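There are 2 protein chains.
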Amino acid sequence: MKRHIACLLAASFVFGTIISAQQKLMGFTDANASSQMGWEKEFDAQLSAKNQDTWMQFLTSHPHHIGSPQGRKNAEYMAGLFRSWGYQTEIAEYDVLFPTPKTRILELLGNKPYKAKLEEPALMEDKTSGQKGEQLPSYNAYSADGDVTAELVFVNRGIPADYEELEKMGISVKGKIVIAKYGGSWRGIKPKVAAEHGAIGCIIYSDPEDDGYAQGDVYPAGAFRPKDGVQRGSVMDMPVYPGDPLTPGVGATKEAKRLNRSEAITIMKIPVLPISYEDALPLLQSLSGPVVPAAWRGGLPITYHAGPGKEKVHLKLQFNWDIKTLYNVIAKLPGTELPDEWIIRGNHHDGWVNGAADPISGMVAEMDEAKAIGELVKKGFKLKRTLVYCAWDGEEQGLLGSTEWAEDHQEELRKKAVAYINTDGNSRGFVNAAGSHTLEPFFNEIANEVIDPQTGVSIKERKYGSDFVKADKTARTKLTGNKNIKLGALGAGSDWSGFLQFLGVASLHLCFSGEGNGGEYHSIYDSYDHFIKFKDPGFQYGIALSKTAGRVMMRMANAEVLPIDFNSFYKTVSEYVAELKTLLDNTRAETEQENKMIQDKFYDLAKDPTKGFQSPKIKEGVPFLNFSGLENALVQLKASTEEFQKLYGTGTQLSADKQKQLNEILYKVERSLINEKGLPRRSWYKHQVYAPGYYTGYGVKTLPGIREGIEQRNWKETQENIEIVSKTMEAYATQVQQATAIIVKKPF
Amino acid sequence: MKRHIACLLAASFVFGTIISAQQKLMGFTDANASSQMGWEKEFDAQLSAKNQDTWMQFLTSHPHHIGSPQGRKNAEYMAGLFRSWGYQTEIAEYDVLFPTPKTRILELLGNKPYKAKLEEPALMEDKTSGQKGEQLPSYNAYSADGDVTAELVFVNRGIPADYEELEKMGISVKGKIVIAKYGGSWRGIKPKVAAEHGAIGCIIYSDPEDDGYAQGDVYPAGAFRPKDGVQRGSVMDMPVYPGDPLTPGVGATKEAKRLNRSEAITIMKIPVLPISYEDALPLLQSLSGPVVPAAWRGGLPITYHAGPGKEKVHLKLQFNWDIKTLYNVIAKLPGTELPDEWIIRGNHHDGWVNGAADPISGMVAEMDEAKAIGELVKKGFKLKRTLVYCAWDGEEQGLLGSTEWAEDHQEELRKKAVAYINTDGNSRGFVNAAGSHTLEPFFNEIANEVIDPQTGVSIKERKYGSDFVKADKTARTKLTGNKNIKLGALGAGSDWSGFLQFLGVASLHLCFSGEGNGGEYHSIYDSYDHFIKFKDPGFQYGIALSKTAGRVMMRMANAEVLPIDFNSFYKTVSEYVAELKTLLDNTRAETEQENKMIQDKFYDLAKDPTKGFQSPKIKEGVPFLNFSGLENALVQLKASTEEFQKLYGTGTQLSADKQKQLNEILYKVERSLINEKGLPRRSWYKHQVYAPGYYTGYGVKTLPGIREGIEQRNWKETQENIEIVSKTMEAYATQVQQATAIIVKKPF
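Chains as they are written, first to last, in our numbering: chain A, 1 to 748; chain B, 1001 to 1748.
Hints listed in this document are in silico derivations from the structure and should not be mistaken for laboratory results.
Be careful, since some hints might not be right.
Stated by the list, open to error - Using 30 Å as the maximum straight-line C-alpha spacing, the simulated DSSO-like pairs for lysine-lysine come out as follows:
#, chain 1, residue 1, chain 2, residue 2
1, B, K1269, A, K617
2, B, K1102, B, K1117
3, B, K1617, A, K310
4, A, K41, A, K24
5, A, K533, B, K1310
6, B, K1384, A, K611
7, B, K1533, B, K1024
8, A, K257, A, K269
9, B, K1168, A, K470
10, B, K1607, A, K478
11, B, K1470, A, K470
12, A, K601, B, K1596
13, B, K1601, A, K41
14, A, K257, A, K686
15, B, K1415, B, K1660
16, B, K1127, B, K1117
17, B, K1571, A, K473
18, B, K1127, A, K611
Only a predicted model underlies this, so the values are computations on that prediction, with no experimental measurement involved.
Just chain A, with the same shape it has in the complex (with noise of 0.2 Å):
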């Protein structure tokens, strides 16, 4: 082989891309690649649905949150397989803040009271919903303490664009104590943008439209959440910083210098408390005031107003501001010719409850995968590079092990880490990946090999019929002829955080989804009766997950050459900027059109006189601001990714030496993504192109820096952070020239 790859290798500058599409796996050698396929076939013929099976019956036979018995047990016993699977296991252990309710008080006072349950009853058919000692209480953590009496309003998701609609409402929340439907952001957002408002205290309770009987039979008869079902869940500040409130930027050993809790600006400011749709009913039928619009509407049998209502609402939470020790699991599998390059693996353990489906299913999965490639290991596999699998504790807290593991680790993980892959939960149906583009490529090699359970084609190939068939017409013409497997960005939600968005390591996000929905998120009926009868019975999916990860960790592992695409990276970046370049001038369009319909006197005459609406008022006009630097750096980019790319398939053929400083090139331009200042607001947050909105939590803003800028309309900083944007694309570029140097001048 080695010849027609020399013969190939005399084109590469004009027909380069034939050598990659001529390749076996990417960044291997045809020989290695054989080999490594070889291994593949044995490492799935490990995977064992019954071992994933046994071990949920463990690790959810208990409620299992940071600080409880069975989550240190849990810990212990992940801890001894590993080890018993050949890696080097230790716990790593943080002490972080971690409140639970003392006192939990929710009622409406007046000529109707009620006195909310906050309860979530046990189910015969859920052997582990009675453990009712071992159970957190429906609450959300980093609350603010509070005992507040106020009028209600509803504010529908409790995003910005909400408290827009209330002013034409003519209703301020100033004083009062909001109600909101989770979901449209998340939680967090929602007593944050709550309190900025005013309000002094926030109620969140799962609408059954969206998380309830409207989606399907409830537990235990369907799947989906029961009435008294409540959705736990933190609500710190995450798109500020996550991991522990009081050691931001460190890890939280025993010895870190804490922050008072005062000083801790992640928690919240007011007292937030979740609550079910059928203690949220009395609480909506309370309100008076306007009818909501037809889209704040839910699915209880009532007519939603805006509020207030003529009842007060009181509202006592006390919480046990505690310090509590999570248990990290750290198994290392070292590499035998790169010990010192990491590809990091990583799921958590700790669930709200039982946490079945989230995240013992993602968790089971990974322990599945690292058994095999253990087994593999025994067998004469040789990795030259170190795996380290992690089962992370205090994930539902705010990112609480990943976080702080990474900010203890942070100059090694700068040195080492090549690569993130994170997993947390998985159910039925297609592959769903997200991640930084420099993977796609390697993302969608790897979808294409993987075979899904139930249709007996590629994974990929079942993901492109289901969303054809799903697409609306403009997105069927743009999906036409183009079968890959175009990755989300990532924002907040899981553990990629302290590695993607603090340190710029390259992260990639894995599950399947999509026929295993329910309603047991975060509550007592996310148990291991549930997860078998509705979300992946028989671990079919959980071993199509194996397979795909597995993969992802070995060949990372294994690859001459690191499968990273510059390219991709720069097509994806290139249309955010045009999307950003359509947002500013749409945004200069709506405006204009929006004052002129104010001064046209158009809200006037279309609003019902005998309704109290007030029209908006006339905003600042939208400036045109300067892209030219960014788009010059673009050019620089693409130039350079095109003529690395064409060369990249002969990378393999580099000396041992060239490979390292090539490879080291290839992990380490993530970290070229990094601006040690931050994002405006928010230093934690360093990555310049992916990260948590300020004001969405989960959903990514991707170019972060100018996108908010323009949300936020404050086109000073918009105009800032495209010329930081500029130069970090420069110095991405110039990282790739130097890749591209190092693969030139080898001497054939």
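Take the given structure of chain A and dock chain B to it, following the hints.
Just chain B now, with coordinates in the frame of chain A:
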């Protein structure tokens, strides 16, 4: 002024549109326009909210459906008033088939039996709601008699697309009873389509999402439908022919030849019953089978399943199939110069129960208008043409009164009818107009003058502002700089059908709406108490409607040249043709794509194999059709209508004799859109441009022969109808050319 006009005339072939811009009123000399506008001021001063209120109180004091004592009293009361205002008034009687219920039983059998209440309770707050002995019970007129027991299937809206969805779910309605939500089509479509698919019974209910608490507070606290409220209504197969089922095409006079009931194809084939959402709840709750698609969900607090249920449903309906006499009031004010040119105005007077909004709010506006014109005539106002004011009976059952009268007087109407102006209920808000597109500029002229009572701008300005605010981006682009109110196209739904679609009389339908929404429709709660609280308190919009329709009547009566605009017709039809070509092309492209998706097994990959979904079946390809004849006819129509409109303004200078010739062409041009053979499968509907949809009912299908051919994938019929429409447009253009010839040959 004469010199000035003559001067402009010389340039009229080039600058013709300037002439109309200079004219004070379309079709009037300046002098006559000034006088006419003076009388209109006097007309406005005559209108009286107090009278409208008093008349409404009388007319709604008891249930006044066809055959009721109050129905007859109302006809006599109005006839007396018309006479007192100087009108030659008669009561025109017809004898029609009108079934009323003897037996209504609906029950769910099995373990959790439920017997439907089928009863709207009296309310303290509504003084006529307790007139139990006089009220028609809740039922669907022209349902079949039947006694059926079967499994129940939920069919969403019960339109053809819903049955395609059911087929994908693997559900047949053969031998079953179906339950459908109101909405999405005219109600009569639901049992018709159900019967076509083999169902043996049909239940229709008002879902609270569309028509109940989701929309707003329910009566009597708010305007919306309470839990026991039922929408009565006809299920006659009106898209085949309206009016008395036993006398299609001829007036139902005492001596008319009648069909046997078994021959009357507009009577439904299966029993049908409308119910409240309270009665629907246990039926829907009893269903199992697949959870419905999201778009099918309603507002009840349950998981909607498609069914069938384990438990059967028993539906028993028996009717008195009586012949009843209906009473149309026909009041004429003869024209002084052209008594054989009739401007006809109508609103029905019968209600399903006390019918205040529907129809009396429109009826009293018409009466006020007639009274004011009568007063004007007493003061010396001269009407060139004859006004015919009508109050129709039996509209609710299927346009009985208006259709029988139009059929009975068809010969006379073909000769004399200039236009038909319809109203049918009114509330607050924005002007709403639909009709023959030749009347569009004329309507806009009037809408520009009538002042909106709430905002003080013209009703045209208010509608424009509101439309702009409510429009999406694309629609705003269309609206910018174009304040012309586009007339809607008329399908079915009120009394214009006999005039427009059977005889080819240009028609216009008017109302105000948008701010008086409620859930009283066809229930016992459509009462004076409801109207005066929620619809148009103070009758300000009743007065605005009188002003609008009154101007239409008076200007049509006195214009030298009738205010008909051929070019507006051309523009509208050419838009329809463009739409249909796009529809055909899109249908072809979608069929190709859909077939490819089926062949590529995308549906098989997208579906959850644990559910019993069926992938769709390959459809026959869509051929290219020959539109050239129609396109050539449109070229001719464009040229001829543009030429005529340039000359239109000079028509006022013609001799009386020439004017008469010209006007005859102007008002008879709508007759040239009639094809005596009628539309495919429904020969009663003869208009080639506007018809109710065979499978939508109320919803209009423009160029119906072509459009429904495409929708029903009958390519041969589509091509045939393209030819028919081509010929129709050629004949229309010939009429226009003759009108031009009359003007051009005028000796100046």
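Going down the list of hints, with the structure as the test:
| no. | hint | result |
| --- | --- | --- |
| 1 | B:K1269 / A:K617 | violated (58 Å) |
| 2 | B:K1102 / B:K1117 | holds (16 Å) |
| 3 | B:K1617 / A:K310 | violated (57 Å) |
| 4 | A:K41 / A:K24 | holds (15 Å) |
| 5 | A:K533 / B:K1310 | holds (23 Å) |
| 6 | B:K1384 / A:K611 | violated (45 Å) |
| 7 | B:K1533 / B:K1024 | violated (40 Å) |
| 8 | A:K257 / A:K269 | holds (23 Å) |
| 9 | B:K1168 / A:K470 | holds (15 Å) |
| 10 | B:K1607 / A:K478 | holds (22 Å) |
| 11 | B:K1470 / A:K470 | holds (28 Å) |
| 12 | A:K601 / B:K1596 | violated (51 Å) |
| 13 | B:K1601 / A:K41 | holds (28 Å) |
| 14 | A:K257 / A:K686 | holds (22 Å) |
| 15 | B:K1415 / B:K1660 | holds (13 Å) |
| 16 | B:K1127 / B:K1117 | holds (22 Å) |
| 17 | B:K1571 / A:K473 | holds (29 Å) |
| 18 | B:K1127 / A:K611 | holds (27 Å) |
Figure legend: structure checked against the earlier numbered hints; hints not met, in rising order: 1, 3, 6, 7, 12.
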